[in-house]
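**Student:** Taking the hints into account, I'd like the entire structure generated from these sequences.
Protein chains: 2
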Amino acid sequence: MVANRQIHLVETPKGKLGPEHFHLAEATVPAPKAGEVLLKVLYVGLDAANRAWMQGATYRNAVEAGTVMAGGALAEVIESKASGFAVGDVVFADTGWQEYAALPAEALTKLARVEPLTHLLSLYAVSGPTAYFGLLKVARAVAGETVVVSAAAGSVGSLVGQIAKIKGCHVVGIAGGAEKCRWLVDELGFDGAVDYKAGDFHKQLKAATPKGIDVYFDNVGGDVLEAVLFRMNMKGRIACCGAVSQYDTATPRGVRGVPGLLVVKRLRMEGFIVMDFQADAAVAAADLKSWVAAGKLKVQEDVLVGLEHLPQALIGLLSGENRGKRIVKVA
Amino acid sequence: MVANRQIHLVETPKGKLGPEHFHLAEATVPAPKAGEVLLKVLYVGLDAANRAWMQGATYRNAVEAGTVMAGGALAEVIESKASGFAVGDVVFADTGWQEYAALPAEALTKLARVEPLTHLLSLYAVSGPTAYFGLLKVARAVAGETVVVSAAAGSVGSLVGQIAKIKGCHVVGIAGGAEKCRWLVDELGFDGAVDYKAGDFHKQLKAATPKGIDVYFDNVGGDVLEAVLFRMNMKGRIACCGAVSQYDTATPRGVRGVPGLLVVKRLRMEGFIVMDFQADAAVAAADLKSWVAAGKLKVQEDVLVGLEHLPQALIGLLSGENRGKRIVKVA
Chain A
1 MVANRQIHLV
11 ETPKGKLGPE
21 HFHLAEATVP
31 APKAGEVLLK
41 VLYVGLDAAN
51 RAWMQGATYR
61 NAVEAGTVMA
71 GGALAEVIES
81 KASGFAVGDV
91 VFADTGWQEY
101 AALPAEALTK
111 LARVEPLTHL
121 LSLYAVSGPT
131 AYFGLLKVAR
141 AVAGETVVVS
151 AAAGSVGSLV
161 GQIAKIKGCH
171 VVGIAGGAEK
181 CRWLVDELGF
191 DGAVDYKAGD
201 FHKQLKAATP
211 KGIDVYFDNV
221 GGDVLEAVLF
231 RMNMKGRIAC
241 CGAVSQYDTA
251 TPRGVRGVPG
261 LLVVKRLRME
271 GFIVMDFQAD
281 AAVAAADLKS
291 WVAAGKLKVQ
301 EDVLVGLEHL
311 PQALIGLLSG
321 ENRGKRIVKV
331 A
Chain B
1 MVANRQIHLV
11 ETPKGKLGPE
21 HFHLAEATVP
31 APKAGEVLLK
41 VLYVGLDAAN
51 RAWMQGATYR
61 NAVEAGTVMA
71 GGALAEVIES
81 KASGFAVGDV
91 VFADTGWQEY
101 AALPAEALTK
111 LARVEPLTHL
121 LSLYAVSGPT
131 AYFGLLKVAR
141 AVAGETVVVS
151 AAAGSVGSLV
161 GQIAKIKGCH
171 VVGIAGGAEK
181 CRWLVDELGF
191 DGAVDYKAGD
201 FHKQLKAATP
211 KGIDVYFDNV
221 GGDVLEAVLF
231 RMNMKGRIAC
241 CGAVSQYDTA
251 TPRGVRGVPG
261 LLVVKRLRME
271 GFIVMDFQAD
281 AAVAAADLKS
291 WVAAGKLKVQ
301 EDVLVGLEHL
311 PQALIGLLSG
321 ENRGKRIVKV
331 A
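Protein sequences, first through last, are from chains A and B. With the first letter of the first sequence counted as 1, position 183 gets the number 183 in my numbering; the numbers rise by one all the way through. With the first letter of the second sequence counted as 1, position 122 gets the number 122 in my numbering; the numbers rise by one all the way through.
To be clear, the hints were calculated from the coordinates, so they are not data collected in a lab.
The list treats identical chains as interchangeable, and a pair is accepted whether it falls inside one copy or across any two copies.
Derived pair list, reagent style DSSO-like, types lysine-lysine, alpha-carbon separation capped at 27 Å:
(1) Lys-203 <-> Lys-14
(2) Lys-235 <-> Lys-137
(3) Lys-110 <-> Lys-329
**Tutor:** See below:
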């Protein structure tokens, strides 16, 4: 009999997430009921939002202690009792951190296979459309504007910057460490990159944005958001995508300059979730595909192998150790 | 020879504004140059923003120590060297806190006289259009939504709530003290009012907004904004008009929940200034006029008499002692 290895969240972290909050368990492989399919998990995608889910209800229910850790994954149908799904189909679903999951049809998004398959996670399923809609529909960046993106070496940030370049913007990334900053400029074609861990971060940010900032794609919140607010131009727009600086702490802090600077500079700050743009998903996918084919958009992946590495993969992502989309290969 | 009494800002306040920051001086009445008019100041309007101007450059230059305190006023042309302006014309201008001012034509907005004349300050010149555009163009409140407004007993807030009622919204005001709260409900027709100074403010706010909050018109920032963020509904909108809780202090504080709650609830926060909507000013004025004529919109004024009372008028406004538009009659 085949076992289903799972990673459980054993305790809700109060402060920093650590390996002690997880444990590896074995369960039996579930049997799909009518309307369900049995999935074999291929790749699990890691996101800073995974940590936010432990803090309480967000755009989904909170992940509770004692249950399988939640997470979006690419999976293959190995048994189907749901119409519309056949053995061999590849789907995106919140399978959680485990080797097998039985899920109802409505929890699955069927995807056409691409080469490499991991692009479904690193580009098409979440990161690409998030970058695309946040930049173009929420912040409405246009050619000639200065766009700043934080967590710029991450999966979403690295795509935001490249899409902004494709659209003719002046692009500055904010990332942790000189090496990542060099990579953004030398490999991804950003116009500038600023190291938020450097002592002279504010000075660097000012130097990199001589015309101020028109659009800020915010993945981090906190101090970096505060610093950017002071550099924003009149009528600037801030697409609020995430707040990773505030997820892995017991003491989230407030942002000064809100709402004062919003009034003075007539700024717009707007939160969004990629699911809100489902209706336009095909347009985004077509653009992303064509840009990759034309060599204008590089997709960076950071793949670890083995279900057991999932806890450390997330812990490391929260401290900024990844470059591009962090993925754990499970099967 | 007639003297021109003036109130100077003698020192930029670091913490709370007090009478010691002002002094009364006498100057000579200026002579208008070519292209200028000589104005006799009739009424000075007080605004929380007057205090913000002392903190540094906002949407206007900072008010500097040693100069006449700035302020918007209703004034009459008593000598004209500018084409388009005749003796007897009434204008709105930043004359500053003094009895006479010589200003160029481009600094003046000529206004048609209304009865009472003070409505030009309390309704037409600033407060009315600010309430109107912030609620209807920035926050885009529509019938059936729950609208919350802070500093609700102030000049802008009291109009915001009444306009929202006219538009069919469920309206809750936030104000300081039980008496103001009763006035909002009994006299202005708000559906509810919450006392932010009460120990059970959060509980009161929850009880007054059983369906959550769709639109928040924010005049105060700080703790009240933070409390409201937690009650906002999905896709809610916050019109950022001011941050009076943060002006009169040496230690402005950050707002928690930004940007986290903006992402989770897909909220939009947007700052604005009434001048941005100049192109639609006539539409707003016509609506405001018709609502007053129909008895649907009450204009509350709080008039003090005598230039020398201006410092205390502003100090008192910052601590919330006014109800409706605070005006000082100068001439």
